[in-house]
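As they're listed, the protein sequences go chains A and B.
For the first sequence, my numbering assigns the number 12 to the initial residue and increments by one for each residue that follows.
For the second sequence, my numbering assigns the number 12 to the initial residue and increments by one for each residue that follows.
Be careful, since some hints might not be right.
The list treats identical chains as interchangeable, and a pair is accepted whether it falls inside one copy or across any two copies.
Unchecked claim - Below, in silico cross-link-like pairs of lysine to any residue (SDA-like), each with a Cα-Cα straight-line distance of 20 Å or less: (1) K112 <-> P47; (2) K35 <-> H45; (3) K13 <-> M82; (4) K124 <-> G101; (5) K85 <-> Q14; (6) K13 <-> K85; (7) K127 <-> E102.
Read the hints as simulated data drawn from the structure, not as lab findings.
Predicted model only: the values in this text are computed from it and were never measured.
There are 2 protein chains.
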Amino acid sequence: MKQAVLKEFIQKVWNEGDINAISKYIADKYTIVHDPADPWEGMELDVAGFQRRVATSREPVPDQTFDIQEMYEKEDSVCITWLWSATHLGEIAGMPPTGEKITMSGATVYYFKNNKITGHWQVADRLGVFQQLQSHLNKEG
Amino acid sequence: MKQAVLKEFIQKVWNEGDINAISKYIADKYTIVHDPADPWEGMELDVAGFQRRVATSREPVPDQTFDIQEMYEKEDSVCITWLWSATHLGEIAGMPPTGEKITMSGATVYYFKNNKITGHWQVADRLGVFQQLQSHLNKEG
């Protein structure tokens, strides 16, 4: 059940950007426990806050796709590893859009209560993204 | 069983640097399936190669510790999330030793066959490490 909820959440919310679907998947309070890639790290978000987070995050990469690699389940959490890809169409960390395809890998633990997601712990290879952006910008320059 | 093997492997080999213990934990061939932080990414190592990898990796950070956060198990693999810390005593990616404590987070899937580890898929927040090193070097400069 948790794995099915999570798969649908990733697809609808993060891949398709359907922010109206968010309340179906997350609890009233969602905590970003650990996520060095995320400006909301450490915060507790309600549904409206989470909607803003998704909309803002997807702005520079509107066609982003998280492709789940492995999925693990424990009593109160699900852990996934993933590959991410997107076309870079807006500013990321001060770097102007390159129009190029970028990729990243990562892993996320999603915490559950009553089949709703209450937060996550995440790590991603952000350095790989910066190296790709710099390489694309150098080519242009 | 797999979780106990992995815990001991992380402690003895990566935390304590006991390279003579490696053959107890890994299969004759160990494949680094995905690991953007690792110079051996994509390679298949035998025990001697793995010993060189551990010795080389630990050189600049001889007191490194992987502190396992969560552990998940499936039929043929175990996934862990971890926090890493170390004192930076040797060159890392061209940056001179700072003597400072550095930290990193990551997640690793370890693949098993007959209770021996046959390889891994890993992601780590390398950018966080570079940001810490740069901040330490700027303080000194």
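task = Run the structure past the numbered hints and jot down the numbers of the failing ones, going up.
result = Violated: hints 2, 4 and 7.
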